[in-house]
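Model the full assembly from the supplied sequences, consistent with the hints where possible.
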Amino acid sequence: MSPLADRVPKLPTGIPGFDRISLGGLPANRPTLVAGTTGSGKTVFAAEFLARGIVQFGQAGVFVTFEETPGDLRDNLASLGFDVAGWESEGRWAFVDASHDYDEAVVAGAYEFNTLVARVRHAAETVGAVRVVLDSLAAVFSRFHDAAAVRLELSRVISALKEMNITAVLTVERTHDYDAIGRFGVEEFVADNVVILRNVIEDEKRRRTVEILKLRGGPHRSGEFSFAIVPGEGISIIPIALISMRRQASHERVSLGNAELDAMYGGGAYRDTVSFVSGPTGIGKTLLACHFVAAGVEAGERCLLQSFEESRDQLLRNAGSWGLDLVGMERSGLLRISSEYPEVASLEDHYVSLRQLMEEFQPRRIVIDNLSALERVGTKRGLRDFIVGLTSLLRHKEIASLFTSSTTTLVGAPSVTESHASTLTDAIVLLRYVETSATVRRAISVLKVRGSGHDRRIREFRIDDLGLHIEEPFTAISGILSGSIAQWPTDAS
Amino acid sequence: MGEGQTSLIAMATYSFRIYVVANRPSSRVALANLRALCDEVVPGDYELEVVDVLHEPDRAEVARIMVTPTVVKLAPLPRRRVIGDLSDRDEAAIALDLSYVGQGTDQGGPQ
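Line by line, the protein sequences give chains H and S.
Going by the numbering used here, the first residue of the first sequence is number 83, and it counts up by one from there.
Going by the numbering used here, the first residue of the second sequence is number 3, and it counts up by one from there.
A portion of the hints provided could be inaccurate.
[Unchecked claim] Chain S stretches covered by chain H per the calculated footprint, using a threshold of three residues with CB under 8 angstroms from any CB of chain H:
hint, stretch
1, 18-28
2, 36-44
3, 51-61
4, 68-76
5, 93-101
[What the hints assert, rightly or not] Only part of the chain H face toward chain S is listed, based on derived beta-carbon distances under 8 angstroms:
hint, residue
6, Asp179
7, Ala180
8, Val188
9, Val189
10, Ala190
11, Gly191
12, Ala192
13, Tyr193
14, Glu194
15, Phe195
16, Asn196
17, Thr197
18, Ala200
19, Arg201
20, Arg203
21, Ala205
Treat the hints as calculated values from the structure; they're not laboratory data.
We put the beta carbon where it would ideally sit given N, CA and C, even for glycine.
Below, the structure is given as C-alpha cells:
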C-alpha cells in the first residue's frame with residue numbers, strides 16, 4: 083500500500099473482501115453512507131459491520147433501527163450466524179429501537195423530532211461503542227413528514243458520533259440501482275464516503291455487487307465487485323485480482339499426469355500455475371483433467387475435482403474406461419469429487435462454496451470441469467469476476483489447478499469463457515479436432531506457459547483404454563487452430 | 003411503573019407521564035396544556051410525572067420516545083400515547099380519555 087493511503091486512518095470492517103476493495107476499511111471516526119435498493123443487502127452489511135467489530139476486533143456497537151424491530155433483527159441475524167442476543171447480554175451490542183410504533187398515531191399539536199441524539203449517545207456511552215449503524219434513513223423520513231426537522235436531528239446525530247470518535251454506517255434507500263444516491267438530502271452530511279450495494283438482473287440473471295463510490299482522503303478500488311450473502315457467514319465479496327501481485331512465484335514443477343504434456347510445458351507446470359484447457363465437446367478435456375488429478379494423488383497430494391458438467395457416476399465410469407481408478411483415489415482420502423449442476427446456485431454462491439471446500443479439504447490441486455457450464459448461470463461480468471477471484475485465490479495458496487472450457491464450435495472460434503479466461507490463466511492448452519483426408523484426428527497444442535519455454539508445435543494425440551497419448555507433431559498442414567485446414571504447400575502465405 | 007410512585011398513584015385516578023426536552027417551547031406549552039386540561043376535567047384527581055429525555059435518555063429508550071413532547075396516560079387503563087403540544091385541545095382530550103368528563107358531567111367517576 084502506498085504511504086498516501088495512510089493519511090486518513092481507516093477502520094478495518096472485517097467483512098471478507100471489503101477491506102481489500104476499500105484498501106483498509108472505512109474511514110475511521112466518520113460516517114459512511116451505504117446506499118441501495120430494497121433487498122440489496124444494506125441491513126446485512128450494516129449488521130455485519132457491527133458483528134465483525136465485536137468478534138474480530140473487540141469493538142462494541144450500537145444498532146439504531148428505524149425499520150425492523152430488534153426482535154426481527156435478532157432472528158434474521160441469527161440465520162447469518164450472529165448471536166446478537168448473546169452480545170447484548172455481554173454489553174457489547176445495544177439497540178436503539180426507533181422502529182415504527184403504532185401507539186404514536188395520535189397527534190395533537192406541534193412536536194419535535196429531537197430525542198435521537200440523546201438516545202444514541204446514551205447507548206453508545208453505555209456499551210463504549212466504536213461502531214454505530216443507522217438503518218435506514220428512508221424509514222425515518224417516511225414516518226415523520228417534517229423532512230427538515232429529521233435532517234436537522236440526523237445532522238446532530240452525525241456530529242455527536244464524530245465527536246465521540248465513532249465510525250458509523252448509515253444506510254439509505256434508493257429507488258433504482260443506477261440513480262441518484264438518495265433523495266433525502268442527508269447525503270450532504272456524509273457526502274465524503276459513499277458505498278453502493280446493488281442487486282441487479284442482467285441477462286435474466288441476478289447479481290449482487292458492491293461499489294465504493296468515494297472514500298475521503300484515501301484511494302480505493304473502483305468498479306463493481308460481486309458478492310454473496312452466505313448463510314451462517316454473512317457477506318463475502320469476491321476480490322478481483324486483489325490478492326497482492328504475489329511475493330514470489332513458485333519454482334516447483336508438478337506433473338500434469340502425462341509425460342509428453344509435461345515435456346511440452348517445458349518440464350511440468352509450476353506449482354502455482356492455473357492451466358486452461360480448451361476444446362470442443364468429447365475431445366478429451368475431462369480425461370486430461372483426470373490425468374492431472376491422478377498425478378496429484380500419486381504424488382500424495384490432496385486433489386479436489388469440481389464437476390459442473392457430469393454427475394459423479396458418469397465421471398467415475400468414464401475415468402474407469404480410461405483406466406483411471408477414481409474410486410480408489412477417493413478411498414485413499416486424497417481425492418474429493420464434488421459434482422453440482424451450475425443451476426443450483428448463483429456464481430457468487432458457487433465461488434463461496436468452492437472456497438469453503440478449499441478451506442476444509444486443503445487441496446494441493448484443483449480441477450474445475452467445466453467453466454463453460456457456468457455461463458448458464460452468470461453474466462459475462464459475473465463469470466469474469468468468478469474466474470479472477472478464483473485464480474487469485476489459487477495462486478495465492480499455490481494450488482496447482484486446471485480449468486476446462488468448451489468451445490462452442492467443433493473447430494475454431496473461442497467462447498465467452500475463453501476470451502475471459504485466457505488472459506487470466508498462466509497456461510493454455512488447446513485441444514482441437516483436425517480433419518485431414520476425410521479422417522478426424524485430434525490435436526493438442528500448448529499456446530502459452532507463463533515463465534517457461536514450451537513446445538510450440540501442434541501434436542496429434544489419441545485416446546484409448548489407458549488414457550491419453552501424445553504423439554508426433556502434425557506436419558505439412560496449417561490452419562488447425564482456426565479450423566480451416568490447408569495442406570502444404572497449397573497455402574504458402 | 004416505578005414502585006416509588008405508588009402512594010401518589012393510589013390516591014389519584016389519573017396518572018400521566020410526559021416526556022419533554024426542558025428548554026423547548028413545545029414541551030413547555032404541552033406541559034401547560036396538559037395541566038390546564040386536567041385541572042379542568044379531573045381537578046385534584048391526577049398525577050403527572052415529567053421526564054426530560056436529555057437527562058434520562060435510558061427512560062426515553064425504554065419507552066421508545068422519538069419525539070417530544072410525548073404524553074402517556076398510565077392510568078386508568080388502557081394506556082394512551084399522544085404526541086404534540088396538545089394545542090389541539092379537543093383532539094388531546096379525546097385521545098387521553100378526558101373528553102367525556104368535560105362535557106358537563108359533574109365529577110363523574112372514571113368509566
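Problem set entry | Hints breached by this structure | Of the numbered hints, just 2 does not hold.
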